[in-house]
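J.: Listed below are the residues making up each chain.
Number of protein chains: 2
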Amino acid sequence: MTLLAELAAAIGPDHVLAGPAGAPFLTDWRRRYTGRAAAVVRPASTAEVARVVGICLRHGAPMVPQGGNTGLAGGATPDDSGRAVVISLARMNRIRAVDPLNDTLVAEAGCVLQAVQDAARQAGRLFPLSLASEGSCTIGGNLSTNAGGTQVLRYGNARELALGLEVVTPDGEIWNGLRGLRKDNTGYHLRDLYLGAEGTLGIITAATLRLFPLPAAQCVALAALGTLDDALALLARARSGFDAALTAFEIMSGASLDVVVRAFPRQRVPLAPAPWYALLELSDSEGEAHARERFERVLTAALDDGVVRDVAIAESLAQGKALWHLRESISEAQAAEGKNIKHDIAVPTSAIPAFVAATDALLERWLPGVRHVTFGHLGDGNLHYNVSRPESMPEAGFLARQDQVYRLVHDSVQAHGGSISAEHGIGQLRRDELPRYKSPVEMALMRRLKQALDPRGLMNPGKVLPPPARFARPPGGDAGGPAKPDPRRPG
Amino acid sequence: MTLLAELAAAIGPDHVLAGPAGAPFLTDWRRRYTGRAAAVVRPASTAEVARVVGICLRHGAPMVPQGGNTGLAGGATPDDSGRAVVISLARMNRIRAVDPLNDTLVAEAGCVLQAVQDAARQAGRLFPLSLASEGSCTIGGNLSTNAGGTQVLRYGNARELALGLEVVTPDGEIWNGLRGLRKDNTGYHLRDLYLGAEGTLGIITAATLRLFPLPAAQCVALAALGTLDDALALLARARSGFDAALTAFEIMSGASLDVVVRAFPRQRVPLAPAPWYALLELSDSEGEAHARERFERVLTAALDDGVVRDVAIAESLAQGKALWHLRESISEAQAAEGKNIKHDIAVPTSAIPAFVAATDALLERWLPGVRHVTFGHLGDGNLHYNVSRPESMPEAGFLARQDQVYRLVHDSVQAHGGSISAEHGIGQLRRDELPRYKSPVEMALMRRLKQALDPRGLMNPGKVLPPPARFARPPGGDAGGPAKPDPRRPG
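Quick note, the sequences are listed as chains A and P, same order.
Going by the working numbering, the first sequence opens with residue 1, and the numbers climb by one from there.
Going by the working numbering, the second sequence opens with residue 1001, and the numbers climb by one from there.
For reference, chain A alone in the conformation it holds in the complex (with noise of 0.2 Å):
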């Protein structure tokens, strides 16, 4: 039988789209990537996920694990030669179980982050990954990924998350580690290798997800801010007078608001222009009286000391939603100014202010009147650090630079003891950069651990991990190939 015969046979011919059908599949949400494949599967279930593993192995076709397709770094698209099965999960969407007195819930690859969600509050609980796209990522994405978002500073990473998982591995069979347990120190932890490994390792088809206890109430506020010296000063007052009632510090420069206002002029800012900005969400055991008067202590105290400029505590639900709008329309608000050049980085928190005025004054040596659009989770050390054209340069000759003003950035990221991806992933995006940044030996580690668990090199291929005829390159050539001797040297 062909692949296409047996994969009908395994799953039902409707769920085996071939031709335009197959098209959404085949490429990235942000239109960055397109690619060809042999086919997109639907299936329903881990043992028809396992039966598709199967029959692609037998057939030596690569596979592309697909979630929700809102990545940032092209994980989800199969290249272009046309031979690769994308296996979407979204059909496999059921939550199997809520167990509230445990704090767990067990759902399938294919659920949307935002139904994820709900089956919580549901139950009275609280599952707190929350990101942009979570009306149509989904959490095997998440889990595949690893994804941030705003609330990692108190409930972490989705790899903080998971406490099992259920995976097919490339040989197509299925290994159940859905335990939904806090403590266990029975061998290797394989959960937290498939983790962020962007399906090169095997299938993510379900996990045993953390709950919390839902907040009685939050409270958000926004303070004016001179310096980000200041930020990290509020930072560590917020971090001691809260604790884990912290559950969002959120930073952005003055440009970054200029830049709502001009785009979304219903929008405003409730305090007087200044260079930075800090959004501080408090969730709160007790209930909103007691949230406000914590604010109120901690930030006048900071005012008073003159960490901060100014300060305004939303006074509602409204208004609060309205700060927490301003922060998440800055991409929109940027992509309407025209295309720019993206970074999702982080440098130890401290590293912050260091790494911001060196990376600004070298990208305005390099390129005079270029634009920063600095925002992102200060409490995390994660900037989505973008780059706007200089008003003067024709968009075509700035985004023709793209390549080296990753390279400056990312260059002063390692400087500073950073990661040049800090939520979104390698995926295809900055798989080729990889190499300049990690040291042989993780690059070698890492290639031991994909030899290991997918010996085919089946799953996945070309992500996260240059193709292995790259690794015979000689070394000197472009900024794929291996690590150079001094990687911190601009581009």
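A portion of the hints provided could be inaccurate.
[To be verified] Estimated spans, in silico, between C-beta atoms of each pair:
id : chain 1 : residue 1 : chain 2 : residue 2 : range
1  : P       : Val1261   : A       : Arg91     : 58 to 66 Å
2  : A       : Asp229    : P       : Arg1036   : 44 to 52 Å
3  : A       : Gly12     : P       : Ala1358   : 51 to 59 Å
4  : P       : Trp1029   : A       : Ser136    : 53 to 61 Å
5  : A       : Met1      : P       : Gln1451   : 29 to 37 Å
6  : A       : Asp14     : P       : Asn1176   : 35 to 43 Å
7  : A       : Asp14     : P       : Trp1366   : 53 to 61 Å
8  : A       : Asp14     : P       : Pro1440   : 33 to 41 Å
9  : P       : Ala1354   : A       : Asp432    : 19 to 27 Å
10 : P       : Val1261   : A       : Ala217    : 54 to 62 Å
Hint data in this document are derived by calculation from the structure and do not stem from the laboratory.
The beta carbon of each residue, even a glycine, is placed where N, CA and C say it ideally should be.
Keeping the supplied structure of chain A fixed, place chain P upon it in accordance with the hints.
T.: Same frame as chain A, now just chain P:
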């Protein structure tokens, strides 16, 4: 050159111990295991560890990493072949850096846990890992065994407290993964492979650890409970009412506290006798008065609703310590009454009442008069399920049944979706039980990882995984053989 001569040349003859000088390193502290070794070496730096590993590799000498030698599963004791080199990390005991603004600290593996706690406190921060052996265990051992302790409910296991690691691989290479980042999605998480691997995949030489704000106040309460179901109901109320401020929720059976009061007559339980007691600890970011007020609100409601029988809230630090002391004295008190059979197990928190009822009944049917001393970290689903002999039974006869008791209890753990080692690890103690409770798929994946990262099999052999020779045994043999078709059958 001989192995010993090369080692002496590499790290200095004073730090290569052979003969009686090495003896203290060859027996675990509970004196369950004694091994022999070609030498005990005490390198002082990561480079020296790498040199030692390189030498052992060339000589084909097995290596056994060792921290404070306080493990409970024999993971740091060599076998009796006399071929192994014990690598003590004790001289690597520097705190390399403290970064209060990033809330991180870099400690070498040989730092005693208490020294790490002290270094954090000196910087005005909390390093929350806390165990009975904290005065002598080392952070390297804690990370290698993924230690738990009393604060897991709030802060997680050792695994969750390590942001980055430095590791010497079985090839003698140094992986510098000492990143101090909360978000880093750049490939496979090597860190989580080494954590909890008990030194079988490489030697952790240093770690970047997470720090937290010091609580403004801590308050402790003891609640008397009728049933474990009531204990779960109280836990749910405490989690909702205190959220992350609930830093401990320990459970103790009435029998456990009887044992303490018998052994240490100066200790007293400040409540009337009850089947169960819960110890709650609240860490508050506002202050003593606020903490007490919160306790009173939630515990009074629980009293009014009949969830708890009685409550004592500590009125001073001394009273709080006395309550903790009851909990911490159970093991020692039980030891004073003779040897007992210990289990360190976890089940989903919601399954604890059913697990205890079913397992107690099974044991009593099989060994009438058996006495249960059950206590542990209820909030983590982790029980120290200890079993004492029937009064009428001689100790020797009881201990002769140890393996059967293990089998019965662990089969029940398995039937309740649990783990046979919650926080102590596998080591030698549970190694031969592991294949009974892990699926063949999981065992095979673990062996592939071991093979990939330690192809010569020289890194702490015979720990965690049964040695290769055992793989070949025909099924149906002893408990150390391959998994049986029905793992739930009690022995």
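J.: Compare the structure with each hint and give your call.
T.: Status of the hints after comparison with the structure:
1. P/Val1261 with A/Arg91: 58 to 66 Å: At 59 Å between Cβs, range holds.
2. A/Asp229 with P/Arg1036: 44 to 52 Å: Since the Cβ atoms of A/Asp229 and P/Arg1036 sit about 58 Å apart, the hinted range of 44 to 52 Å is violated.
3. A/Gly12 with P/Ala1358: 51 to 59 Å: violated, 42 Å
4. P/Trp1029 with A/Ser136: 53 to 61 Å: holds, 54 Å
5. A/Met1 with P/Gln1451: 29 to 37 Å: Cβ of A/Met1 to Cβ of P/Gln1451: about 35 Å, so the range 29 to 37 Å holds.
6. A/Asp14 with P/Asn1176: 35 to 43 Å: This hint is violated: roughly 51 Å between Cβ atoms.
7. A/Asp14 with P/Trp1366: 53 to 61 Å: Once the Cβ atoms are compared, 55 Å apart, the range 53 to 61 Å for P/Trp1366 and A/Asp14 holds.
8. A/Asp14 with P/Pro1440: 33 to 41 Å: holds, 34 Å
9. P/Ala1354 with A/Asp432: 19 to 27 Å: Once the Cβ atoms are compared, 53 Å apart, the range 19 to 27 Å for A/Asp432 and P/Ala1354 is violated.
10. P/Val1261 with A/Ala217: 54 to 62 Å: Violated, since P/Val1261 and A/Ala217 (Cβ atoms, about 43 Å apart) do not stay within the stated range.
Comparing the model with each numbered hint stated earlier shows that hints 2, 3, 6, 9 and 10 do not hold.
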